[in-house]
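If you read the sequences in order, they're chains A and B.
All residue numbers for the first sequence refer to our numbering, where the first residue is 20 and numbers rise by one.
All residue numbers for the second sequence refer to our numbering, where the first residue is 20 and numbers rise by one.
No lab work stands behind these hints: they were computed from the structure.
Remember, it's a predicted structure, so these values are computed and weren't measured experimentally.
Virtual Cβ for every residue (Gly too), placed ideally from N, Cα, C.
Mixed in with the good hints there might be a few duds.
With the C-beta cut set under 7 Å, the calculated list includes, among others, these residues of chain A facing chain B [to be verified]:
(1) A261
(2) S281
(3) Q428
Chain B residues, not near chain A, derived (Cβ > 10 Å throughout) [said to hold, decoys possible]:
(4) K150
(5) S227
(6) W229
(7) A271
(8) V294
(9) R306
(10) R357
2 protein chains.
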Amino acid sequence: MADDLLADFRTMSKFGATPAGGVERQAATPADLANRAWLRGWLLHRGFRVANDPIGNMFGLYEFTPGAPYVLAGSHLDSQPGGGKYDGAYGVLAAAHAADRLRRKYRGAAVPPPLNIGVVNWFNEEGSRFKPSMMGSGVFCGKIPLDQALGELDTSGTAVADALLQIGEQGRAEVVDPATELAAYAEIHIEQGPILDKEGIDIGLVTSTWAANKYEIAVHGAQAHTGATPMPDRKDALYGAALAVVAVRELADRFGEHLHTSCGQLTVHPNSPVVVPSEVRMHFDLRSDSQELLEEADALLRQQFTAIELKADVRIEKKFGHRWPAAQYEPAGVALAREIADDLGLSSRELRTLAGHDSTNVKDLVPTVMLFVPSVDGISHNELEHTADEDLVKGLDLLTGVLDRLIHQAL
Amino acid sequence: MADDLLADFRTMSKFGATPAGGVERQAATPADLANRAWLRGWLLHRGFRVANDPIGNMFGLYEFTPGAPYVLAGSHLDSQPGGGKYDGAYGVLAAAHAADRLRRKYRGAAVPPPLNIGVVNWFNEEGSRFKPSMMGSGVFCGKIPLDQALGELDTSGTAVADALLQIGEQGRAEVVDPATELAAYAEIHIEQGPILDKEGIDIGLVTSTWAANKYEIAVHGAQAHTGATPMPDRKDALYGAALAVVAVRELADRFGEHLHTSCGQLTVHPNSPVVVPSEVRMHFDLRSDSQELLEEADALLRQQFTAIELKADVRIEKKFGHRWPAAQYEPAGVALAREIADDLGLSSRELRTLAGHDSTNVKDLVPTVMLFVPSVDGISHNELEHTADEDLVKGLDLLTGVLDRLIHQAL
């Protein structure tokens, strides 16, 4: 059975495979569609009912007790550009295998589990093609209006609605009603940090999530000639943006390990070697385990932006914001997962998640268990992302055990 | 006759016109082709022989004395993205009108001028689509090997050779042999700086050009997760690039008005909001009236780049360089232009050019006269670029007078 998981994982890793060993499988691209089609076939072949909702979340459902609520497990199949093959995809495949193990275990049982089981592939968790990240789970949980999400554009001007239509993955109606048909949720993911790998521990039990503030800003200057325009006359949007990138980074140096900051996306207009840029768009995020510290950092950054506007003679405009607070996962879920890990002889420790996950959304609806397996050297969002086969198998065993308990009693 | 120039200029400004009043007419694009086709018709209709050379320079030639060398005048029809309508285009049109005035003046003259007249539209002066700038004149003057120029790629991977074939503007052979068929060169251009406009002077007599060092660098880091990756483990290429942009700009602050610096183009990979960038490519340039100061600034920047490599844990790789030295224009040409301006009742003053022009290349081959007309507020490489109609006409009158003298005696 372990071999099945690994063989299926190797198959899935071919969808959008890159020469360097990663995947390029951004949301609603042909590679994403190919992976979805493969998973749909896998689930249908094993007797799951498969349906998509209007934001392209894909559900594979199996009933033990007709009409009872579902325990869902899953993650996302989309990747970053030049991303790793484990991020998200492992969690979806492990959920499918775990659900199928339980389907076989309880097929024809005299006393079926009181709750049903489902697998979910959330749409556009990565947020690289369409912002914000965790879009599918955000719509499912009512945090993002459906119409707003469907209207989001990628950099080529294609809306989410059109992208979903192009790959035929937009469903017509809700598949699982989050208010009445969902009992619990579980997700397993690679850690994307180095702790489990460094300490040689099998499983991370996620107790809480860092808070995150994400922004898109536009720095406005004036287009000019790079050679002829006198320096004092320049309103160089890229100089302003560069000062902002440095300010964002150096905030983190100031607050030590309690603050992570970054600017991952920056686009220059008109981006010609001999033109002083007129506008720069950039996305950055601040993340912290402390809401208070995050707010302090945020206020400092706003002060620095005001200083940058003066120094570079530019205007900084906030275009977009997305935030989530620091929050706890259900303690009973952590205890349950630890107990099962102990039973299986797996070592475990508690961890916080610094990255956002779909479970960050779902945990606010229903009791949620979030699990990590090790990432070699903590490398993630990188084609070199790696998790050992044996760790993938241990994670599946644990997830199966957790789901087996949840379908008998949600937390 | 002044009305003809202005009417033709309005016609030409429609090729690639933007709603904000500028033009988008990068090299070898459909808009560039449309403008070239119009100019070809204009020249042919007036009895000029029109031919292109293998790098797409377009010549309109008229013989007074068969077999004699040419006095060429021209500039370039290509623009920056979202550029102004005067930059380059005015110089080509003024050259065509001036040459045509002389054609009519000496048609059937008993004693024809001893030298012939020609108009030239140099290919890809701007360097925005294909690097380096001043490509056509650089190839003509033997500073850039033809094969190298033809192999340069734009960001979509199209080579110069293919782009020229696509618009049908690649000639088969040299049209004017720079070694034996060129006697002198003249170019008129908007100042692209504020001095003439501020001082209310009609004409700038260009005495020298600033030196320029242009570079493309790549900043190499490692792709990682913006949330989960511990800050000390990050090799953030964009942080390194932002420090470089700031260092380049602050060099100029250090050297006052004798150094102009800029970074106009910066491209981030993979450019996703939640991925620490793995690579940033950037173009920057340093320009100075003093070769010595430029070399000092260059050496300082190299030291700062080494410090940035350590601070951001990135590697900075030099990909490409292009430089030209500070140099004088022929003093006899400056004196000639001043004399003609005086005769015409035009005010004039000497100026240096901070921007590169095709004449920067040609002046190293033959005696060259470089003239400026005012730019309102010095605005250039911007859709708001503007020069008053009467200044366009004054410039044409001066250029005509200068060419009239040059076809009788090259400097």
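Verification of the hints:
1. A261: 4 Å, holds
2. S281: 4 Å, holds
3. Q428: 32 Å, violated
4. K150: 7 Å, violated
5. S227: 14 Å, holds
6. W229: 7 Å, violated
7. A271: Given that some Cβ of chain A is not farther than 10 Å from that of A271 (chain B), nearest at about 5 Å, it is violated.
8. V294: About 5 Å separates V294 (chain B) from the closest Cβ of chain A, which leaves it inside 10 Å; violated.
9. R306: Violated, because the least Cβ-Cβ distance between R306 (chain B) and chain A comes to about 5 Å, which does not exceed 10 Å.
10. R357: 22 Å, holds
Checked against the numbered hints given earlier, this structure breaks hints 3, 4, 6, 7, 8, 9; the rest are met.
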